[in-house]
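J.: Residues 1 to 1049 in full-length UniProt numbering are what the sequence shown lists, from first letter to last.
Any given hint could turn out to be false.
With a Cα cut of at most 20 angstroms, we get these calculated DMTMM-like pairs of lysine to aspartate or glutamate [what the hints assert, rightly or not]:
#1 81 - 944
#2 951 - 676
#3 59 - 944
#4 926 - 953
Pair ranges (Cβ atoms, derived) [claimed, not checked]:
#5 532 - 635: 44 to 50 angstroms
#6 979 - 634: 54 to 60 angstroms
#7 122 - 523: 58 to 64 angstroms
#8 634 - 952: 32 to 38 angstroms
#9 643 - 833: 41 to 47 angstroms
#10 755 - 785: 55 to 61 angstroms
#11 546 - 755: 31 to 37 angstroms
#12 373 - 196: 32 to 38 angstroms
#13 532 - 915: 31 to 37 angstroms
#14 162 - 316: 38 to 44 angstroms
#15 560 - 162: 27 to 33 angstroms
#16 545 - 643: 54 to 60 angstroms
#17 373 - 214: 25 to 31 angstroms
#18 635 - 755: 20 to 26 angstroms
By construction, these hints were calculated from the structure, which means they are not laboratory data. Where a beta carbon is used, it is the ideal one built from N, C-alpha and C, also for glycine.
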Amino acid sequence: MILSTCFSVAVLQASLQYAMGINMVNQDFFHEIAMTKHPIGTTDKEVQPLPTPDIWFSKEDCRQHKISWEKEKTFEDQCEKFTRDLEAMRKQYRPYMKNYLPLAETGTESIQLREFEFRYREKGEVFTERDDVNKVWEKVTVPDYRGPALEDGKWSGYYRCSYRDTWSEGLIQNKKRAVLYFQCVDYIAEIYLNGNYVGSHEGFFAPFSFDVTDYMQEENELVILCKNDVPILGVGPVLDGDKIYAATGPGWDDPNVGWHHCPAGAGVFGNVALEIRPEVYLEDIFVRPDIDNDLVEVRLGVLNYTDEVKTDYNLDLDLLPRNYEGRKIGDFHTTIPYVGPGKNEYRYFIPVSDYRLWEPDTPWLYGARANLRKGSVSVSGRSQNFGLKKFVSDETSVPKGKFYLNNHPIVLRGANEMGHLQQCVMKGDFDQLVDDILIARMCNMNYYRITQRPVQEEIYDYFDMLGMMHQCDFPLFGFLRRPQFAEAVKQVQEMEHLVRKHVSAVLVTFINEPMCIRRTEDPDDKYSRRYEAKGHRHLLRDELEAFFAAARKAVYVENPDRVIKNVEGDYDGPTAEGMPDFHCYTMWYTNHGEPIGRLLKGYLPPVKEGWMIGCGEYGAEGLDHEEVMRSFYPKEWLETQPDGSWYPDKIVRAQTYSVQGDWYEEQNNIADWVRESQIHQAKATKLLTDAYRRRGDIINHTAIHLLIDAWPSGWMKTLVDCRRQPKRAYFTYQESLQPLRVNLYTGRSNAYLDEQVDVEAWLLNDTGKDSVLTIRAEVFAGHDTDPFAAYEMEDTALAANAICAGKIPLRFEEMPGFNGAHAEVQIKAAILNEEGNVLNTETLFLQVYKRKIHTEKVRTIGDEAILLCTKLGLTPIETEDQTTLGQSDATGNDILIISDFSSDSVSEAESHAKAGGRSILLMPEKKVTLNIGEKEVSTKGCGELFFAAAKKEFQDYPISMVYNKEKGYIDATASFTVQTELPGEALIYTYDKQGAGKNQGAKPHLPFVKKCPLGAGEILLISLARSGRIGCNPGLDELFRNLILKGER
1 MILSTCFSVA VLQASLQYAM GINMVNQDFF HEIAMTKHPI GTTDKEVQPL PTPDIWFSKE
61 DCRQHKISWE KEKTFEDQCE KFTRDLEAMR KQYRPYMKNY LPLAETGTES IQLREFEFRY
121 REKGEVFTER DDVNKVWEKV TVPDYRGPAL EDGKWSGYYR CSYRDTWSEG LIQNKKRAVL
181 YFQCVDYIAE IYLNGNYVGS HEGFFAPFSF DVTDYMQEEN ELVILCKNDV PILGVGPVLD
241 GDKIYAATGP GWDDPNVGWH HCPAGAGVFG NVALEIRPEV YLEDIFVRPD IDNDLVEVRL
301 GVLNYTDEVK TDYNLDLDLL PRNYEGRKIG DFHTTIPYVG PGKNEYRYFI PVSDYRLWEP
361 DTPWLYGARA NLRKGSVSVS GRSQNFGLKK FVSDETSVPK GKFYLNNHPI VLRGANEMGH
421 LQQCVMKGDF DQLVDDILIA RMCNMNYYRI TQRPVQEEIY DYFDMLGMMH QCDFPLFGFL
481 RRPQFAEAVK QVQEMEHLVR KHVSAVLVTF INEPMCIRRT EDPDDKYSRR YEAKGHRHLL
541 RDELEAFFAA ARKAVYVENP DRVIKNVEGD YDGPTAEGMP DFHCYTMWYT NHGEPIGRLL
601 KGYLPPVKEG WMIGCGEYGA EGLDHEEVMR SFYPKEWLET QPDGSWYPDK IVRAQTYSVQ
661 GDWYEEQNNI ADWVRESQIH QAKATKLLTD AYRRRGDIIN HTAIHLLIDA WPSGWMKTLV
721 DCRRQPKRAY FTYQESLQPL RVNLYTGRSN AYLDEQVDVE AWLLNDTGKD SVLTIRAEVF
781 AGHDTDPFAA YEMEDTALAA NAICAGKIPL RFEEMPGFNG AHAEVQIKAA ILNEEGNVLN
841 TETLFLQVYK RKIHTEKVRT IGDEAILLCT KLGLTPIETE DQTTLGQSDA TGNDILIISD
901 FSSDSVSEAE SHAKAGGRSI LLMPEKKVTL NIGEKEVSTK GCGELFFAAA KKEFQDYPIS
961 MVYNKEKGYI DATASFTVQT ELPGEALIYT YDKQGAGKNQ GAKPHLPFVK KCPLGAGEIL
1021 LISLARSGRI GCNPGLDELF RNLILKGER
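Sequences are here, hints too, so could you generate the full structure?
T.: See below:
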């Protein structure tokens, strides 16, 4: 019976894994999500590249108007500058954090409750058993956030606190009320005071409070029953819950679960206070600016804690400078005839004058100071910070959705945030909170995407003061449970109510990466299978659109001016209303969204037509610095193999071990892994950021994933680790986000000496105004200080846009001192303003090769074999014409290349090798199976890969990110591996990802080129991609010549 039950569970899980289309074996969950494609029948369309103009730079005298090029800084130099720049930023923004507002009389007293005891509630335990003397409690200080999570995420626990009452006597006579205030409790909070149930709240981010006047005693016991649940996104193929939570939180100090801060912990992670409030209480103020009409609307929330209508109040409202000394910019005085029981909201329109607009570089703030009085007696007072700005998405533009800040076009450039800011607030470390925001400002960011959750209000306060715009995400990921529809709409309204008063808030979203639950014509595809597995649990896409419509109405009630983006990273688009957004990790999750070559050329993933677009996530993982590993990582994570080698396979939830093989060579020690992972992260950061900036015509906001880590190995796509040490990619991102810059693009990384390479010169302008600029490019041989060619052009960089100014017709005949097979060329470009000052520079590197003269003759079978030899400068001799072969073969080798795989051709290749010759099989770029001897040889698809690893003697060949002349952009190095049991050696290869989940060190190699001894000779099996690539990639050409003629370099 036990065996039968176990078997049933195993079968159920396996069938559900199949039904959901999820391979849970050796598969990173977020990698699986990233591989989700747009469903069949979508109306989204791939965005085509902008046509580049046929405008050519004029060649100039390279001896005149030379630029003084700065020496490139080392990583160590950049880190030292980072420290100096941060101190300068602190000084720059310190004035904006000052508070010149006079102290306001609030009529409120507050006592913070921080010292609690905690224990988990046992299964089946009821509330009346909470004080069982046999139960063990631990002392905790709130904020407190904890696990367990994942499969054990459905739990509850008690927080209890005792305090002495010194206020309750005479409260009602003095028209006061005792109120318990909770900043945020995750996830469901049931509140009990002295054994009395006071109330409950669902949702982890919104403040809430309860009037407890009637329950107060001299000695008081507050109990918070905190209930957690499995999030709606779910855990594994089966388990999901009702918790409205996406995939990010503040995390907790547990290397296996809590450091990653995606698992859904819970706790009292905000402040708790006992407040003595007036019975008629000013609860909140929202100032809604209208800068076009020099007007503000003030919405005033007033709570009446009694059951009676209260009458005859007066309101005084002053609008005063907060972070500079000056006169008030407006005031208002009125009577309030009555205040009804419960919540009331009053709205007033007030003219303003002599004000300063809030801008990221000059975040001027004001205070709305309100006083509610009865006659001459003040009843309740409140002061609320605000700024004056206008942020809109213009839905009359073509395309729709151009962003404007204070009536000037703007592009949002930023990063995702997952936990580090929240941890600063929980620890009370506001100096670090300031630094974290300034580190973003130093990086030329102007907005944070607060990823997948609203956060504590202190974070928004500092965003306001430091000029950091932000996007607030509602905490849904993938799905919404049907029973939680109404609860989700309620929480959306709470979210907007929380952020609406903050001038830094510019965007809200409702869900991250929704996944298709939909029947398609194919019952076996991923979407149909997910429908069968999850359609009974979650909203379908049409129902999700109904949620978006309801959520938009909820936001409108709170703030009619809010810019809304329904979806972050829409894997099931298009959304019916508003702008689209995509996520694209194509240099990490290979080919995600759009293959890298097409992306660099200007293509974008399929999205809704007619709109500006956002890219809310992109990036690649870079491992923590070694000192962070050695300071914090569990020792078992750092254990080496018996041979002394180390691999990142034991770092929990790290993706480097499984993904790295698509992009760079496997390493065998910590230092090399750290260096190479961070180099790739920096390369991906630059290429992707530049590609998105070149599409400034249609992309209006981008956010890298992520900026700063909250924990060691928390989410190592961050550009700065948990000790606030930048990785290489931080400086790359900083340079790529320079608001006004020049960018050079070509799909070529190497060229022949007699070729012309056309290099596109782009003006990237994220500022709000046009700029007339001169672009000057100088070309250098190697590290020469004198250029051998120069080019120049003048053009206008359009505000919040990008243009290709023209093409530099690069030729190399005049290149001095060309000795040897190849040499490096540097193309340095600068933009100068009308006064001749250099504003920005960029350098592009190319390898230039001499064409070699070859006399070798090679036997061939098949058209591709003949064409390959011709393009490589070799002389193909078809098998029918062998009379001269051997007599004039310059190499003395007997070589046969075949691309025809008829049985006769394969037999001839086999016989040729057995007789002592070298047979080279150009495996077709498709699935094929053949037999050599008694062994099967086949090709197996591996997806389009843009990198190939190689044995040491082949590592110098530039065979990654190769150019396809027929397509006009960078294309895959290979799409198929060679599969065979023939003994031999993999010369060029990729890594077996199926071995990545086994924690066994070095991964097996899957060959693209395999050399197999056969009889007296050998067979070389080659599956490297060749179409459109041979003849225009000198490094690839040289590799093929050496494989054909020598088999090694």
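J.: Verify the CB-CB distance for residue 755 and residue 785 against the hinted window 55 to 61 angstroms.
T.: 25 angstroms, violated
J.: Given the hint of 38 to 44 angstroms, check if residue 162 and residue 316 actually sit that far apart at their C-beta atoms.
T.: Given range 38 to 44 angstroms: holds, Cβ gap about 40 angstroms.
J.: Do residue 122 and residue 523 keep their Cβ atoms within the hinted range of 58 to 64 angstroms?
T.: Since residue 122 and residue 523 have Cβ atoms about 45 angstroms apart, the given range 58 to 64 angstroms is violated.
J.: Residue 59 and residue 944 were given as a pair; does the straight-line alpha-carbon distance stay at or below 20 angstroms?
T.: 39 angstroms, violated
J.: Is 54 to 60 angstroms right for how far apart the beta carbons of residue 545 and residue 643 are?
T.: 56 angstroms, holds
J.: Indicate whether the distance between the beta carbons of residue 635 and residue 755 respects the range 20 to 26 angstroms.
T.: 55 angstroms, violated
J.: Can you confirm whether the C-alpha distance between residue 81 and residue 944 stays at or below 20 angstroms?
T.: 39 angstroms, violated
J.: Between the beta carbons of residue 643 and residue 833, is the distance compatible with 41 to 47 angstroms?
T.: 58 angstroms, violated
J.: Do residue 546 and residue 755 keep their Cβ atoms within the hinted range of 31 to 37 angstroms?
T.: This hint is violated: roughly 58 angstroms between Cβ atoms.
J.: Would you mind confirming whether the straight-line C-alpha gap from residue 951 to residue 676 stays at or under 20 angstroms?
T.: 17 angstroms, holds
J.: Falls inside 54 to 60 angstroms, the C-beta gap from residue 979 to residue 634?
T.: At 38 angstroms between Cβs, range violated.
J.: Note whether the CB distance of residue 373 and residue 196 lies within 32 to 38 angstroms or breaks it.
T.: Given about 34 angstroms between the Cβ atoms, the range holds.
Violated hints, in rising order: 1, 3, 4, 6, 7, 9, 10, 11, 13, 15 and 18; the structure is consistent with all others.
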